[in-house]
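Following the numbering used here, the numbering of the sequence shown begins with -17 at its first residue and continues without gaps.
One thing to keep in mind: the hints can contain errors.
[Unchecked claim] Okay, derived cross-link-like pairs now, DSS-like style, lysine-lysine, Cα gap no bigger than 30 Å in a straight line:
# : residue 1 : residue 2
1 : Lys91     : Lys46
2 : Lys80     : Lys4
3 : Lys22     : Lys46
4 : Lys9      : Lys80
5 : Lys(-8)   : Lys4
6 : Lys68     : Lys18
7 : Lys9      : Lys(-8)
8 : Lys4      : Lys29
None of these hints come from the bench; they were simulated from the model.
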Amino acid sequence: MNIQIYGTRKCFDTKKAERYFKERNIKFQFIDLNEKALSKGELQSVKSAVSLNELINKEAKDYKALNLDQIRGLEMREELLLTHPKLYRTPIVRNGRKATVGYQPEIWKEWE
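My request is simple: use the sequences and hints to build the entire structure.
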């Protein structure tokens, strides 16, 4: 298993995801979205497992500031996600081609 957790240090669900894998002695790589955003290739990989709309945090301050609720085009939404990593719902947990958004231990159990 090659687990990657994308999130922020202040996110409660990201901390819970880290704890979940630590308790099971499963190694993971943490990527802080405040320091490094998903690359275009990583976003495509995650998008193949979950929808683009699931990745967008509608509660984020940037969501309203960028008028994302008015933007319907998926390509434009994708570009905004790539340039504004604070728009992501966290944690994004990847295991190869599989991915989840949010705290989803019932799915992670299937990966073990």
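Hint numbers the structure violates, sorted upward? 1
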